[in-house]
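*Asks:* What follows is the residue order along each chain.
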Amino acid sequence: MNPTNLTIKPTMRIKAFYLFFIMTSIQTGSGIMGVPRYIYMQSKQDAWISVLIAGVLVHIVLAAMFAILNHYENTDILGVQTDLFGKWIGKLLGTIYIIYFFFVLLSVTMDYIQVVQTFIFPRLSAWVLASVLVLLIVYAVMSGLRVAVGITFIFFFLSLWLLVFLYKSVTYMEITHFQPFLSASPLELLQGARHTSYSYLGMEILFFIYPFISNKEKAKLATHLGLGMTTFLILLVTVISIGYFSPGELPEQIWPVLVLFKIVEYSVVGRFDVLVVTEWMMVILPNMILLAWMISHITKRLYHVQQRKVLMVVAILLLIGAGITKHEYFILQFINGVAASGFWIAFVYPIILLPMVWLKGKWKKSKKAGAKT
Amino acid sequence: MKRLILVSIFLLLSAGCAPAYPIERLGIINTIGVDSDNEDSQALNTTYVYFQFDPNAKNINEIISSKAKTLKGAREKANVKSNFQLVPGKLRVLMMGRPLAEKGVASILDTLVRDAKITDTMFLAVADQAAGDVLHEVFQRSTTNVGNHLYQLIDTNVDQEILIRTTLRDFMHKYYDIGSDPVLPLISVVEHMPSIERMALFRDETYAGDISIEEGFFIKLLSGRYQSGRIELSLPIEEFENIRQKDTDQREEESLFLSLSELRSHNSIKLVSKEELRFQSDIKVQARLLEISEQLELDKEEVVKKLEKAIEKDINRQINQLLDKFRELKVDPIGFGSIYNAKHPTTQEEWRNLLPEMKLDLNLNVNIIRQGIID
Amino acid sequence: MKKRGSRRGKSKELLPSSIENLKTNLQEAMHNNPDFQMQEFETGSQRMLVFYISIIVKKQQLNNHILTPLLEGDKQWTSEKLSNALPLGNSVAQTKMEEIVDALIMGSVGIYIENETELLTYPIPDQQKRQVDKSDKESTVLGPQDSFTESLTTNINLVRWRVNTGDLVTEKMIIGERVPTEIRLMYLKSLANKEDVQTMRQRLQDLVVDRIEDATPLTYYIEDSSTSIFPQFYQTELPSRFSYSLTKGRVGVLVDKSPTGIMAPTSLFSFFESTEDVYMRWNVGSFIRILRFFALIISALLTPAYVAAITFHYEVIPTPLLTTLGSSRAAVPFPPVFEALLLELLIELLREAGARLPTKVGQTIGIVGGIVVGQAAVAAGLTSNILIIVVAISALASFTAPSYLIGSTIRVIRFPLILMSGILGLIGIMASICFLIIHLLKITSLGRPYLLPMYPFVGKDFSKTFYRLPYYFNFKRSYSYKPQDMIRFPKKKSRKMKDIDE
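Residue numbers (our numbering), protein chains in the order written: chain A, 1 to 373; chain B, 1001 to 1375; chain C, 2001 to 2502.
Derived from the structure by calculation, the hints contain no laboratory data. Only a predicted model underlies this, so the values are computations on that prediction, with no experimental measurement involved. There is no bait here: all hints are sound.
For each label pair, taking beta carbons as the anchor points, the in silico distance ranges come out as:
1) Leu182/A - Lys1359/B: 24 to 32 Å
2) Lys218/A - Ala1106/B: 54 to 62 Å
3) Arg1264/B - Ser267/A: 25 to 33 Å
The beta carbon of each residue, even a glycine, is placed where N, CA and C say it ideally should be.
Turn these sequences into a full structure, and let the hints guide you.
*Replies:* This is the structure:
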């Protein structure tokens, strides 16, 4: 049961290079659409400092995650947990991960459906959109991690061009919106940093994907760069949002990043925001596919259930969950709930886990030394 | 897998496809005129100009009016009168009647901003009478496509930097910004055609007064930068008496008229002293002298310098006049308040009270770079 | 069955035999074939039998090179002497009836000298084949114009002639249980990836089928995913293209009786490459290649985008276009999806009719269908004239693909895309694109990912796939398919920049 060290077939391994895209894609999904607003509500015009603080903290968490993983030969968090806490608590913690990932997946789906309903099809039933998304997820996850990573990689580039069209809102920015400089208190800054957590969720994937990496020596660089890219993206949209929106406007926007595209207009494309919302499917799909893959993978690791069957169950639950929710306030609250729990699971937990791993390692060593002498 | 696909397809079909809006069945609203009703102060009189694609109709535009408490409600009511489904996705101009603007427009604009279907790049304008009357008159009397006409009227003038850009986004932005007030074009009907004669100043959301287009030039000079602006000036002729080339031009006039074009300006405003509420503005202007009513020896440096000095003096005078007007009306279209706010956070009300005491030191530097193809 | 078995048991004793005996045996084995001819000759004291199927041997060769030397002068012949004396190579000494029959069917002439222990067969088959001709389906402006014919020998000749190196391996295989067909597996020994060669060989050897109709159906038997709509092996009728791929380290298969060569592994992008890009200057070639990728996108997405915009997203249409679109749509009684499907179907009908009809009539049909029907459809208010333009452009774009197979794939993909855009608008299109990309990521060609070099990402190969660079950048072969030898030619020393007027 749960061997601490995993052996992965060479054909199933992926290069560390792709960790960059996995990191960026799983983090930039639905969160980034609204994140400037939440940070701004806490730390006002200094929101961008909050983003930087959050970026630094997240890098520390990531380093902690690497420290945990490198303590073992080739394992994922499930192996670590079993090693530390024994089989049953390990299983319980793993199950918490499953449930948590499912809720993240659900929140992303609901959020995107809501965006589509707001911007494009106000009267379209959530069932239709949910089933389209679920079908795509199932079809992709069916072929396993390699295809999931491929989707992440290709969709990253297919959606990156959206950034170019932020240039128009950049020209509308006003420097006075950033002044007076540093007026937020350190507490407010930290509060703001905490509110970025929903956008940073997903970096736990490293805990599960790490055994699949073929050239581990390069994994650190790629992952940190990926995280840096996420930070850069969040920083970019936050800075543009602060400059573009008036102090009174920004807290009222649910998806400020999408609204930034509303002023882009061309002689061939009358409205750009519609295209952006459509294109956003390519931003969130890798996110959802990776999450769904993780859920099926963890369940297989823990309970030895066929990944296929897990996927079916996840798909049906997701379809039902996303189909029946209708109220905006419920969705927002749900997302806030996920964000809050994600904060503990994704960021605090690794930090707590690290000293335990160290202690255990020390204890083992001393035991060995004791046995020898 | 197969079963899931079947279930999903079933769901897709049972839920039906997305509600369609085939364009031939739509009345695509292009321009809206909103007025407050004379009898019922709560109600809005709304006039819609929309495109309709009827193969038998000879005019592609149609106009319809309705009355309701809200903008959305008005559209529902108008829908009942039209054989097309009225949709707001291509709304380009919203024109508000002056009486309504005097009462405040924030609630109307808020509904527009809230609707994701409405573009942020649509123009706002104020009519100097009831907006519905303007639209009706132009629609009935003129042969032009009234919806497009209004949009292009504003658009071309913004492009040529005659008007300040006044999109929905700009208005809301200035409205929400502390210490900055919106300006809108004021449209009147001249010979059955809409024409922008003046500009409406707003105090927050309410109409506060109006200024001429020429005065509007200085708002942009102070708050933004010109890429290729133009201005017409009249300078007192006495100053140029000795350098005038009388032999070629015998006309006797009281003023020297000149027009500067391809005017580039750069401006920076600083708060110099908080206590005195003193701002300092450094404006650099580069322009081409295109037209001048007198023959001056413009190839001589001192003549050009003199001319530049005179222009600076005149612009300075006009700006101060305009600022007096702003102080009197307690409006701040240039946005001194936001500069103040950036240094010393304040509120809209506080700034409103401070505004009349505001002072501006103007450092104007005019530079004439070319004079056309003949000296 | 039993009888046959007993005869086979005796077959060791088939020879030596008397001429009469052999005659009856042969007659029986040939099922009294009316074209089977046996001629008895006597030279000196010897009796000999010459037999063949008359319509598949070259009569002239038979007379000049076999019968004349055989009967000239009264010589004493033995089989050994005979095989040395006749000016024809590859004589086969036969003893078994089955093999003799097989040889006769392949166009051999059998000669038996009475009481010898062996019987000699000389293959002089008369195969009807057409001349090497210009290619119709994959015509190029620049470069070689010849195309494969139905004859395997000609085809191998064409390839060998182009790739005249001892490195070229042609492995012979016979496929088909009932009707055997000869195929050749070709590759460059020191270049082609061994894994690829082995995979291809394995697949061909493992194939059990009664008969392969042509090279194209053969690919359907051995490709990676037969449910996919995308072709996974490249098929060409250009020897130049075939040999170009061989020299790039790919594996090729030629099939007898088929004018099509198969190449693998291949990626989606190679279907948009033409050998012409290589003959062009690199910058012009790049432009044309990128143009083809654009054509692919236009062809697949233009009509669906039209349907989506007209049905759901009026706000995306720019205002000036909106009025023209609206007024042209106003008279059309159908919903946009139906209108678009109708017109796409019309174009497909025209294409199909044009392909089936004789060339001259086909052109007329094209003009009548395209211009007259199109005009009339607009005049009758069945379609909007803008849609005609849209559909025509997308049809045109689909024909820019150098491979006919991928062109038809794109044209078929368009229909579900149009349907999806009619159901869910832009979201439907986007979902379909996502689906297609996921699908493309899933399929492989000879075990190699189909989207190489995009995923797995091989940035160095971009200059060979998506655009082209001057030759001195291309001193290496494509990394994606791991050829044994990477270097095409030694890298030039960095050329010293000359100063102006130096």
